[in-house]
Amino acid sequence: MEPHPITDTYSLEFAFMGEVKAGFPSPAEDVREKLDLVKLLVRHSASTFFFRVDGVSMVDADMDEGDILIVDRAVEPYNDCKAVCFIDGEYTVKRVEIHEDGALLLPCNEHNPKYKPIPVGPDNQFLIWGVVTWVIKKA
Amino acid sequence: MYALADCNNFFASCERVFRPDLNGKPVIVLSNNDGCAVARSNEAKALGIKMGDPYFKIRDIIERNHVAVFSSNFALYGDMSRRVQEVLRSFAPAVEQYSIDESFLDLTGMEHVDFAAFAREVSRACWKYTSIPVSVGVAPTKTLAKIASKLCKQYPKLQGGCYMYRPQDIEKVLRKFPAKDVWGIGHRSVKKLETMGVKTAWDYTQLPETTVRKLFALPGFRTWKELKGISCVEFEDMVEPKQSICVSRSFAHEITTLPELSEQVATFAMSAVAKLRKQGSLAQEITVFAMTNRFKDDAPQTSGGVCVPFPDATADHRTVVLAAVEGCRRLFRPGFGYKKAGVVFTRIVQAADHTRSLFEDQVAAGKEARLSETLDTITRTFGPGAVLFGAQGDGTIRNAREHQSPHYTTLWSDIPGVKVE
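Sequences listed follow chains L and C, in order. To convert a position in the first sequence, counted from 1, into my numbering, add 735. To convert a position in the second sequence, counted from 1, into my numbering, add 705.
For reference, chain C alone in the conformation it holds in the complex (with noise of 0.2 Å):
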């Protein structure tokens, strides 16, 4: 048996931890560079805001219903994140965070437990624990359980938690469920069931299994099956360190001056270092790349990418925002504007598994491992952004971030106030 634990409204479920005055009341989360909304309270979705409507289209909507507004705010997010996994790896032994707001939770050998009971009072718990509300359902297969949750939330009166097991149960559930929101089914496939006539999911498991095979490969085989309550998609308890860790963004603007696409790149490469230190790797070679807008026809095109390999595998800073600025001075062509870039580490191993090169020069390589250290705990305490390399520039292109809440949980400075009296 396998449960689903998701996050309702994620993120604007977490703003409103520590703003209870929002309860009740439209809430929206938006995007990066404030541009489109990512995250919808229940009441901001019944006023018609639909997930990556563009901010200045609904400021009306907003205006008029006084929905409150966030910029994101990833440190309150990843910290509530990671609460909720606390809480659920109290309840089941091996838990797989499929996502930031969603975990699997593997149920082996807890046979005899009541799993609606079960169910709910996991939903308590992280209720109780992190005021975040969580859907979680309970099935045979880890696709069902994902229906299950999903029913938790269109019927309040399951407390947060839904079993779902007996298969006269679950065929009735799979007819009214639309094929195309079954996990798995991408939206390539959906348009060739809609030529087939498959709506539900209960359509799509009464196809041939000789049909499913050929149109829709092993992916589409595996729903099938976990659909029919066949479990056939692995449980990833342990997480592999990425193998390759990439930092990329659209800009706002097109950049079109090899300094300033300089510092964007510089910051992605210090964003990349931290991702890479959190896991405890080396990289061995950094590839920078940078593309125009390809949507726009009439502009001169380019894209392409620079590998720079490192003397020895690194996690120092410095030394990898130095080889991401040499990667861009290499890659920049005049005359183009670059509408989005990017570093990526590839051969990444882990700093522990990792022989030092005979050459290296120790003294200095102490003090780089020093300078970082201390990058490291500078950015902690004042958060990021708070030190920058002069490659950085001065971050006057930052990103738009109007509207963003306090790092409540994650900077001493921003913790919540509260009066006595």
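Looking at chain L on its own, in the form it has when it is part of the complex (with noise of 0.2 Å):
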């Protein structure tokens, strides 16, 4: 099958636009479906930001410097989510382990021996500012 030579349509279109008001409707008219990366990513538009990683670099890593995580306030904090948090002044992004009286904060980076879990007590400045829900990375 050959494909729609779309463009063609549209410059057609264009040129007639104007004067004469009428046109040829576009076979194509009908045709407007696509696949959108943003219905896939975004389910709430009100409440989904986007942070960047910052200051890592490591290779099998889920997350890698310059990734870019999808931030989703909307969707309630469950355990084990992986979350932006912001901790004592700093933001990081952790999996959180619910407990009845704090939060267990653990590396993303598993594989790495260096990043140990951060227990989260009273004496913190803490919050879970939103709850990550997809990761982009260059490929």
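There could be a bad hint or two in this list.
[To be verified] Here are the computed lysine-lysine pairs in the DSS-like style, where the Cα-Cα straight-line distance is at most 30 Å:
1) L:K774 - C:K980
2) C:K947 - C:K1045
3) C:K877 - C:K762
4) C:K983 - L:K769
5) C:K750 - C:K762
6) C:K897 - C:K933
7) C:K881 - C:K896
8) L:K774 - C:K833
9) C:K855 - C:K750
10) L:K774 - C:K983
11) C:K833 - L:K872
12) C:K755 - C:K919
13) L:K849 - C:K885
14) C:K980 - C:K1072
15) C:K858 - C:K881
16) C:K855 - C:K897
17) L:K769 - C:K1072
18) C:K933 - C:K877
19) C:K1124 - L:K774
20) C:K858 - C:K896
21) C:K1124 - L:K872
22) C:K730 - C:K755
23) L:K851 - C:K1124
24) C:K885 - C:K933
25) C:K947 - C:K897
26) L:K849 - L:K769
27) C:K750 - C:K877
28) C:K919 - C:K933
29) C:K1044 - C:K755
30) C:K897 - C:K730
31) L:K873 - C:K1072
Hints in this document: simulated from the structure, not taken from any laboratory.
With the hints in hand, could you dock these two chains into one complex?
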């Protein structure tokens, strides 16, 4: 099957737009559907924000420097979710284990032995800013 | 029943969205040019910083109390306002945006709802989705809803939602509510009210109908009825495209030369085109106006405008900038110090309804359209001012924006960073 020459139809339409109001109806008029990546990645546009991963570079890690995190504040934090957290004045992205009396922050890149779990207690200024729903990575 | 959703200290709250470390700390936002305080967090209000206080006068308080200071960041405020709007629209079929930080919700047909819980829930959802604190007042009229929303700010135990409907409750509130703070009572009426001994909103409702009609005309009478619980301020859900678009500004120093004034006017024209294109309209003419500082009695005064019609209705950057510069050239008179200037589009039509002129050069029009679209794309990606027309100069008289936060939500280069460790 030949692909439909959409560009030709457009330029034809364009040339006649103006004085002649009619123009030819495009045969592609009814075929407007396409895959919309934004619809897939952004469920709530009111509560979705983007963050960029800073400062790490590791092979085989879940998250690398420059990756874009899609964060949806509408998602209720759940046990073991990945979330952008704000702890003692800094943003960090962690896996959050929710306990009755607090939380345990686990490194997202669990294979790196350098990073240790951080217990969160009443002495920390802590909040879960939003739950990470997607990670966009450059291949 | 109506609800008013009012964002608390909106600009200051927007600055806190990506800076949770500033929660509980004093924050202020400065006007264009970093001139004066236009938004204050509650903590900043408690320090005695007033709306409109000039920056240089409060520097001392700021330094002593480590107040966080921000220049206006309208890209951020506009986007956060859009987000709050979206949340509100999920709660009511009809929402009317009244200003960047206030919206009315028409709750007609929702009488089965527990409005007290509803108001709290709207506030909670706005906070959860956007991290903007919002006060939601529900009452039988728009004017009363506005008063109810103010109560939320006074009483934190209301949890951001206040439902005010029983006549005895309304009376109790109005007896304490200053008449001058009522929506629709202008500063001119305030003086009249003072001489009549009307102090509270309740006093105002007790004036006889004939007196109100005679002294405060129709708007004052409407407010009077609204306070009595009779709804008469119409609901405007459908925002009509604006029939005129104006961009104007006062200058930090007086402008005395034509090239300098032209640069400014060209820049205003660019912003006005952006607004015009955003609402999908075309303009048939542009008026350029400029005036001297009318508070300077000893200086020579002038003010005036020049209208330049376009060959055909347009929203094209180049055509508009050239017309604006031409208007400026005709308007400018040497020997005056211009303090303020601006541009206005009038005779606006919707692009979709517009029939093109028979004599228009189609090829040239196509080129202009492509140039304008490219400019739109560049501006969207890199921010306003990324590309300038020659007529705009090099932007040397740019506004002071020393303390502006990043465009966290509207520019890819500015999205916040987060560490993984």
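Evaluated hints:
The hinted pair formed by L:K774 and C:K980 meets the criterion: a straight-line CA distance of about 27 Å does not exceed 30 Å. With a C-alpha separation of about 23 Å, the suggested pairing of C:K947 with C:K1045 holds against the 30 Å cut-off. With a CA separation close to 39 Å, the supplied pair C:K877 and C:K762 exceeds the 30 Å bound. Restraint check: the Cα-Cα separation between C:K983 and L:K769 comes to about 25 Å, which is no more than 30 Å; the hinted pair holds.
Taking the CA atoms of C:K750 and C:K762, the gap is about 15 Å. The hint holds against a cut of 30 Å. Between the alpha carbons of C:K897 and C:K933 the distance comes to roughly 20 Å, so the proposed pair stays at or under 30 Å and holds. As the CA atoms of C:K881 and C:K896 are separated by approximately 19 Å, the hinted pair is consistent with the 30 Å bound. The suggested pairing of L:K774 with C:K833 holds, with an alpha-carbon distance near 21 Å, which does not exceed 30 Å.
Under the criterion of a C-alpha separation no larger than 30 Å, the hint pairing C:K855 with C:K750 is consistent with the structure, at around 16 Å. Between L:K774 and C:K983 the CA atoms are separated by roughly 22 Å; this keeps the pair inside 30 Å, and the hint holds. With a C-alpha separation of about 27 Å, the suggested pairing of C:K833 with L:K872 holds against the 30 Å cut-off. The suggested pairing of C:K755 with C:K919 is violated, with an alpha-carbon distance near 35 Å, which exceeds 30 Å.
This hinted pair does not check out: L:K849 and C:K885 have alpha carbons roughly 62 Å apart, beyond 30 Å. Between the alpha carbons of C:K980 and C:K1072 the distance comes to roughly 21 Å, so the proposed pair stays at or under 30 Å and holds. Under the criterion of a C-alpha separation no larger than 30 Å, the hint pairing C:K858 with C:K881 is consistent with the structure, at around 15 Å. In summary, the hint linking C:K855 to C:K897 is supported, as the alpha carbons are separated by about 24 Å, within the 30 Å threshold.
About 28 Å separates the Cα atoms of L:K769 and C:K1072, which keeps this hinted pair within 30 Å; it holds. This hinted pair checks out: C:K933 and C:K877 have alpha carbons roughly 13 Å apart, not beyond 30 Å. Annotation: proposed proximity of C:K1124 to L:K774 holds, straight-line Cα distance about 27 Å (limit 30 Å). Only pairs whose Cα atoms come within 30 Å are accepted, and C:K858 paired with C:K896 is accepted, the gap being roughly 27 Å.
Straight-line distance between C-alpha atoms of C:K1124 and L:K872 comes to about 16 Å, which keeps the hinted pair within the 30 Å bound. Only pairs whose Cα atoms come within 30 Å are accepted, and C:K730 paired with C:K755 is accepted, the gap being roughly 16 Å. Our distance criterion of 30 Å between C-alpha atoms is met by L:K851 and C:K1124, whose separation comes to about 14 Å. Taking the CA atoms of C:K885 and C:K933, the gap is near 17 Å; set against the 30 Å cutoff, the hint holds.
Proposed proximity of C:K947 and C:K897 is contradicted: the alpha carbons are some 34 Å apart, above 30 Å. Restraint check for L:K849 and L:K769: the C-alpha separation of about 44 Å exceeds 30 Å, so the hint is violated. Proximity of C:K750 to C:K877 is assessed by CA-CA distance (about 27 Å); at most 30 Å being required, the pair is judged to hold. A C-alpha spacing of about 18 Å is found between C:K919 and C:K933, which places the hinted pair at or below 30 Å, so the restraint holds.
The straight-line distance between the Cα atoms of C:K1044 and C:K755 is roughly 26 Å, inside the 30 Å bound, and the hint therefore holds. Taking the CA atoms of C:K897 and C:K730, the gap is about 40 Å. The hint is violated against a cut of 30 Å. Proximity of L:K873 to C:K1072 is assessed by CA-CA distance (about 35 Å); at most 30 Å being required, the pair is judged violated.
The structure does not agree with the numbered hints 3, 12, 13, 25, 26, 30, 31 stated previously, though it agrees with the rest.
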